[in-house]
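Novice: Chains as they are written, first to last, in this note's numbering: chain A, 1 to 350; chain B, 1 to 304.
The hints are simulated quantities; they were obtained by calculation from the structure and are not laboratory data.
What you are looking at is a predicted structure, and each value in this text was computed from that prediction instead of being measured.
Glycine included, C-beta positions come from ideal geometry on N, C-alpha and C.
Some hints here could point you the wrong way.
[What the hints assert, rightly or not] As a list, the in silico DSS-like pairs of lysine-lysine whose alpha-carbon atoms are at most 30 Å apart: (1) B/K83 - A/K29; (2) B/K192 - A/K90; (3) A/K95 - B/K192; (4) A/K90 - B/K132; (5) A/K136 - B/K132; (6) A/K178 - B/K192.
[To be verified] A few chain A residues that don't get close to chain B, going by computed Cβ distances all over 12 Å: (7) E78; (8) R96; (9) M101; (10) L110; (11) N111; (12) A139; (13) P158; (14) D185; (15) A222; (16) R225; (17) D229; (18) I266; (19) D268; (20) E310; (21) L314.
[To be verified] If you want a taste of the chain B side facing chain A, the calculated C-beta under 10 Å gives, among others: (22) P58; (23) S79; (24) Q81; (25) T179; (26) K192; (27) D195; (28) P222.
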Amino acid sequence: MSPTRDRVIAVSGLVKYYPITRGIVFQKKIGDVRAVDHVDFTVAQGETLAIVGESGCGKSTTGRLLLGLEPVTAGSIEILGQDITTMSQKELRAKRRDIQMILQDPYTSLNPRMTVASIIGEPFEIHPEALAGRTKQEAVRDLMDRVGLNPEFVNRYPHQFSGGQRQRIGVARALALKPRIIVADEPVSALDVSVQAQVMNLLLDLRDDLGLSYVFISHDLAVVRQIADRIAVMYLGKIVETGPQDPVYSSPAHPYTAALISAAPIPDPELQASRERIELEGDVPSPADPPSGCRFRTRCWKAQQRCADEEPLLRDVGGGHLVACHFPLTPEEAASHVVPEVPSGHATDS
Amino acid sequence: MSDIQLDVETSVRPDGPASRTLLGDAWYDLRRSWIFWISAALLVFVLVMVVFPGLLAPQESTSSLTGGCQLANSLAPPSSQFKLGADQQGCDVYALSIYGARPSVIVGVLAAVLTTIIGAGIGLIAGFFGGKVDSTISRIIDIFLGVPYILGAIVLLSAVDLPGIWGVVLALTLLSWPTAARLVRGKVIEAKGQDYTLAARSLGASNGRIMVRHILPNAIGPSIVVAVISLGLFIGAEATLSYLGLGIRPPDFSWGTMIADAQNAFFQAPWTLLVPAGFLTLTVLAFILLGEAVSEALDPKLRK
């Protein structure tokens with residue numbers, strides 16, 4: 001959020017409801033699934049915003065909305081200063097050169113009937129101007145080289161590669177159009193831990209070399225910690241806490257964030273045993289019928305009557321650290337659930 | 001430690017030769033299937049009958065105009081002159097069966113190709129666009145599927161005066177595309193939900209590109225198998241319609257017309273019926289076996 005850097009994404013009042021209908025011939029709307037419910041955030045040039053939360057909290061839907069893959073119900077999404085929610089299909093297609101996506105599952109995100117050359121080359125067939133004078137073969141080889149794949153393998157099929165290599169193919173495809181923003185939807189959660197670190201390092205290198213901005217969607221706080229500048233925690237379609245990585249990790253103010261952090265295991269048995277784990281009770285309520293007031297109150301150990309009556313709004317608790325809670329945790333309370341940062345840096349480099 | 005992992009990461013998985021592709025795997029499997037070799041041998045024979053019947057029998061033996069058929073030889077039993085006997089007109093049944101293959105197989109191939117193309121096109125549109133387009137097409141498919149197959153063809157061919165190969169092909173295609181369309185539609189819906197389709201869309205690909213490059217290649221496999229199997233069934237259906245006098249008509253002939261002509265003479269001269277019926281059965285069987293072998297080879301789940 002530093003004012004000196006340009007904003008590349010500005011989302012405000014973003015809402016996405018999916019209608020629930022009943023009937024076959026005469027469909028009647030009987031309700032809405034509130035996947036994303038009034039979300040605001042910004043991403044600066046070269047910055048990584050991590051959106052974290054459990055499955056079904058709306059983080060992947062947010063990612064798809066950023067690419068204009070689905071129409072929004074309300075709100076605006078400005079990508080490099082232009083609102084994509086009002087764009088025509090044609091304008092939106094052109095806009096895709098600025099924002100690209102890396103998908104979660106490298107086994108389903110690559111067309112099994114296409115060779116690597118045609119998978120990575122496809123962006124250039126759709127946007128020939130992105131070749132900038134090179135031939136498609138040169139461009140594909142450059143990209144493979146860039147993501148650490150042997151360019152000799154251009155004529156192989158996806159099933160001839162390992163999971164980590166396939167994800168590199170996906171990264172190369174996303175980079176082809178030289179986008180300024182990449183939405184990475186759980187890019188490493190389908191990979192083995194050892195391969196995760198390699199792909200994460202690739203993403204970090206690319207960010208530094210190409211000045212990319214990432215929207216990094218994940219449920220894995222350990223992975224997020226390696227890459228995020230800022231974090232937004234989502235619960236049932238709303239952002240409950242957001243801020244720079246450090247205050248959010250070291251002193252979470254929202255009980256839900258504290259619970260998430262305390263649930264992530266620490267690779268140190270003594271520390272793991274010494275800290276207080278928060279075990280949430282019950283399940284995430286249905287997004288079709290969210291609780292009144294604070295959506296987290298049904299599982300919160302600090303909930304009081306006020307939480308049911310009044311919806312908490314995001315407010316600043318210092319230094320751009322925003323939290324939507326009537327009874328935020330004090331730094332002392334938070335400290336018992338979290339641990340000092342594990343010295344990792346550029347995780348498990350050789 | 002991490003060096004070793006990097007090596008594994010940057011090299012190809014060690015299973016199998018480097019040139020393996022989906023079709024390569026299928027061919028590898030096919031070569032080991034005896035069903036494939038039997039059906040392939042039969043089909044090579046059928047192909048020779050269709051393309052070069054002259055290699056197997058002289059054309060003169062099939063027509064009275066060229067002196068090949070003489071009433072004096074009517075219903076002659078198998079002998080050195082007539083290897084598989086003669087029919088009522090005194091024609092060589094063996095030669096007739098060889099030359100009768102061409103119309104039968106052409107009808108089968110044309111009907112199978114047209115059914116697959118039309119079915120795939122309509123199924124692709126229904127599955128891809130969904131919603132009202134899909135509902136409308138699906139109801140039309142249901143209506144067509146409600147029409148009894150042979151009865152529908154009989155009514156159609158009686159109403160439309162289009163004798164010969166094209167009439168039969170039209171009737172069979174018109175009644176068969178809904179099955180192909182339904183099959184393709186299901187596979188299209190499956191492929192549409194895959195992440196690679198989402199990835200193509202996020203690159204800015206048009207609907208046409210997504211349909212042709214991403215969805216169709218992943219949805220067409222099963223319908224090719226069904227096309228091969230139904231090719232055999234179409235040959236049988238042509239025989240049925242020609243037998244009923246609605247397909248190929250004299251002076252042209254096919255296996256179906258031969259079987260129809262033979263019915264009165266069956267007890268005196270069973271070869272007049274059994275020979276064309278045998279050719280027909282073996283050809284249909286060969287296509288069905290081939291379809292089965294190909295489907296097994298294309299489906300990794302059925303691999304041993």
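Novice: Confirm or reject each hint.
Specialist: Checked hints:
{"no.": "1", "hint": "B/K83 - A/K29", "result": "violated, 75 Å"}
{"no.": "2", "hint": "B/K192 - A/K90", "result": "holds, 21 Å"}
{"no.": "3", "hint": "A/K95 - B/K192", "result": "holds, 23 Å"}
{"no.": "4", "hint": "A/K90 - B/K132", "result": "holds, 24 Å"}
{"no.": "5", "hint": "A/K136 - B/K132", "result": "violated, 40 Å"}
{"no.": "6", "hint": "A/K178 - B/K192", "result": "holds, 26 Å"}
{"no.": "7", "hint": "E78", "result": "holds, 18 Å"}
{"no.": "8", "hint": "R96", "result": "violated, 4 Å"}
{"no.": "9", "hint": "M101", "result": "violated, 5 Å"}
{"no.": "10", "hint": "L110", "result": "violated, 6 Å"}
{"no.": "11", "hint": "N111", "result": "violated, 4 Å"}
{"no.": "12", "hint": "A139", "result": "holds, 14 Å"}
{"no.": "13", "hint": "P158", "result": "violated, 9 Å"}
{"no.": "14", "hint": "D185", "result": "violated, 10 Å"}
{"no.": "15", "hint": "A222", "result": "holds, 18 Å"}
{"no.": "16", "hint": "R225", "result": "holds, 20 Å"}
{"no.": "17", "hint": "D229", "result": "holds, 24 Å"}
{"no.": "18", "hint": "I266", "result": "holds, 22 Å"}
{"no.": "19", "hint": "D268", "result": "holds, 20 Å"}
{"no.": "20", "hint": "E310", "result": "holds, 39 Å"}
{"no.": "21", "hint": "L314", "result": "holds, 29 Å"}
{"no.": "22", "hint": "P58", "result": "violated, 48 Å"}
{"no.": "23", "hint": "S79", "result": "violated, 57 Å"}
{"no.": "24", "hint": "Q81", "result": "violated, 56 Å"}
{"no.": "25", "hint": "T179", "result": "violated, 24 Å"}
{"no.": "26", "hint": "K192", "result": "violated, 12 Å"}
{"no.": "27", "hint": "D195", "result": "holds, 4 Å"}
{"no.": "28", "hint": "P222", "result": "violated, 14 Å"}
Figure legend: structure checked against the earlier numbered hints; hints not met, in rising order: 1, 5, 8, 9, 10, 11, 13, 14, 22, 23, 24, 25, 26 and 28.
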